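A.B. asks: Now for the letters of each chain:
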Amino acid sequence: MKNVFGKLTPYNTVIHRLDSRIKMLALIGFMVICFLPYGNYANRFIILGILFAIILVIMAIAKCSFLSFLSNLKSLWFMMIFLLIIFVFVPQAGDTSSYHPIVTFPNGYQIYYEGLFQSLHVFFRLVMMIALTLILTSTTPPMEMTYALEWFLTPLRIIKFPTQVISMTISLALRFIPTLLDEANKIMKAQKSRGVDYEKGFLTKKIKSVTTLIVPLLSSCFSRSDELSLAMNARGYEPYGKRSSYRILKIGRNDIVALIIVFIIVAAFSTMCYFTQNVAGYDNFLHLWFGIGAF
Amino acid sequence: MKEAIRVEHLYFSYEKGVETLKDISFNVNKGEYVALIGHNGSGKSTLSKLLCYLLPADKGQIFVDDIEVKEENESLLRKKIGIVFQNPDNQFIGSTVEDDIAFGLENRNIPREEMVRLVHEFASKVGMIKYLNKSPDELSGGQKQRVAIAGILALGLKIIIFDEATSMLDPEGVEDIKKLIMEMKKEDPELTFISITHDIEEAYISDRVIILNKGEIFLDGKPNEVFQKEDLLKSIGLDIPFIMKVKSSLKDKNVQIPNEINNIEELSDYLCK
Ligand SMILES: Nc1ncnc2c1ncn2[C@@H]1O[C@H](COP(=O)(O)OP(=O)(O)OP(=O)(O)O)[C@@H](O)[C@H]1O
Ligand SMILES: [Mg+2]
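First to last, the sequence lines map onto chains S and C. The first sequence runs 1 to 295 under my numbering. The second sequence runs 1 to 273 under my numbering.
Errors might be hidden in some of the hints.
Stated by the list, open to error - Straight-line alpha carbon distances no greater than 20 Å define the calculated PhoX-like cross-link-like pairs of lysine-lysine that follow:
# : chain 1 : residue 1 : chain 2 : residue 2
1 : C       : K2        : S       : K242
2 : C       : K80       : C       : K158
3 : S       : K192      : S       : K208
4 : S       : K208      : S       : K186
5 : C       : K134      : C       : K2
6 : C       : K79       : S       : K242
7 : C       : K134      : S       : K7
If you are wondering where the hints come from, they were derived from the structure by calculation, not from laboratory data. From a predicted model like this one, the values you see are computed outputs, not experimental measurements.
From just these sequences and the hints, can you work out the full model?
C.D. replies: Next comes the structure, spelled out in structure tokens:
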């Protein structure tokens, strides 16, 4: 239950050592190029395929567990069905005259290759997003992500935005997630031993049994936060006071190299996007040059 | 000016009509090791929170190092007095051991190099140096208590309160922490230490015992005097230290034991003579 966000792996790879700000920037960059359009579907799949290969290489460098990647994907099957229904079986809006039908029903209703590809395309992007976030979360302690976030928010201090308070709140939330999950587990076990059944029963019964979990969990949450605020107060925490920082974020040589690599990759893919979208002849270059993939 | 804490006619209640603390008055001298004992719900934790201005008193006055405990002086007080609470889970603020020990130091705006030095020094003093980058859910209760203790000791305060802060440690761990406190007291004779405890034996070796009962001070004095009053203690259901029990049953059998003898080794030496 604890690896809701993908648990940090105990390795010390280059990716683990990178500055969390660089990693977050890279994540954003990669996500953007994931979502750029690259001409027709054949082009898109080839180019996204290249991107996926790059991501797999990064995963290998970061020693990401392929198993946890797959188990993350497992929960996606219902998403895939949902996408298929939306894109394939729901009639397409707009002009479909240039589409390629897979089957035509007697009543004139058609299912198109385009619909199938569209859903595959969205699915492929989702898979890559999961891979990307997995790389970030399995190589970066949550706390460092909050430091990075605080750093990115720093300019907002000019308009008196309480960045320190926000990042403290986030880091406390992250700190207490495992504790509360543990507690929920304990309460569930305790209630089970008193005869509450969390698995069986109809909706109304299920809601009832879930309240036996929620109520004690909430009350313990409140008493915890009460004590926590006392403890913070006792150790001299002042939300708006001047504090020094134990953690420092330092950019090293590796970070700069990584930043340049990410920049080159993002630039390359953006260029491909530009050419495939705007320059005549490139939009389905595969078809023109190699005679494959006319979609 | 030898007083670390002065409490005058202190009253406090959480709910109207139920007095949790009633007319509490006492002084603690600088450098004293005070054991605060009493039954569950007698108001020990409440009193300690009042001393640190984590709760405001209803009536009466408290002075900590001659600073009156009230809102205006709050940030001054934080630099004088600190407390380690009962539950180690709810006072673990940082995401790792080192972050947590550093938390109080960060609040004091201490430069980073100094912080790193202090974090390492106190982590090793409480035996947690190997766990610096562990998160709280990877630690046992006793280990979390050690971290909480390190977090307060690192602040270099004059007055430290332990509210059952070693309740989850094994006997060896308790001994280690006691030794650590004694070392710190040797370095700074003015370090005042208040230990809220259910351990009668620990109370017996302190400089001073204060017994709370139903929100009132029941007894206050040197352990030797306080624990002499066996019948009085029994009337509120408190036990007495083992050595006192042995002495009093020997006395019942008409064996006279001199008053200076107050630990087991001395007693056995005396009896074997
Ligand atoms: N937050 C609160 N709100 C209302 N009543 C409280 C609160 N905290 C404590 N009390 C009550 O105040 C009384 C004293 O509690 P306190 O925690 O000070 O006892 P204690 O001597 O520390 O006990 P223990 O040995 O169990 O730690 C108890 O009767 C308790 O019910
Ligand atoms: Mg208590």
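A.B. asks: Flag every earlier hint the structure violates by its number, smallest first.
C.D. replies: The structure breaks hints 1 and 5; every other hint is satisfied.
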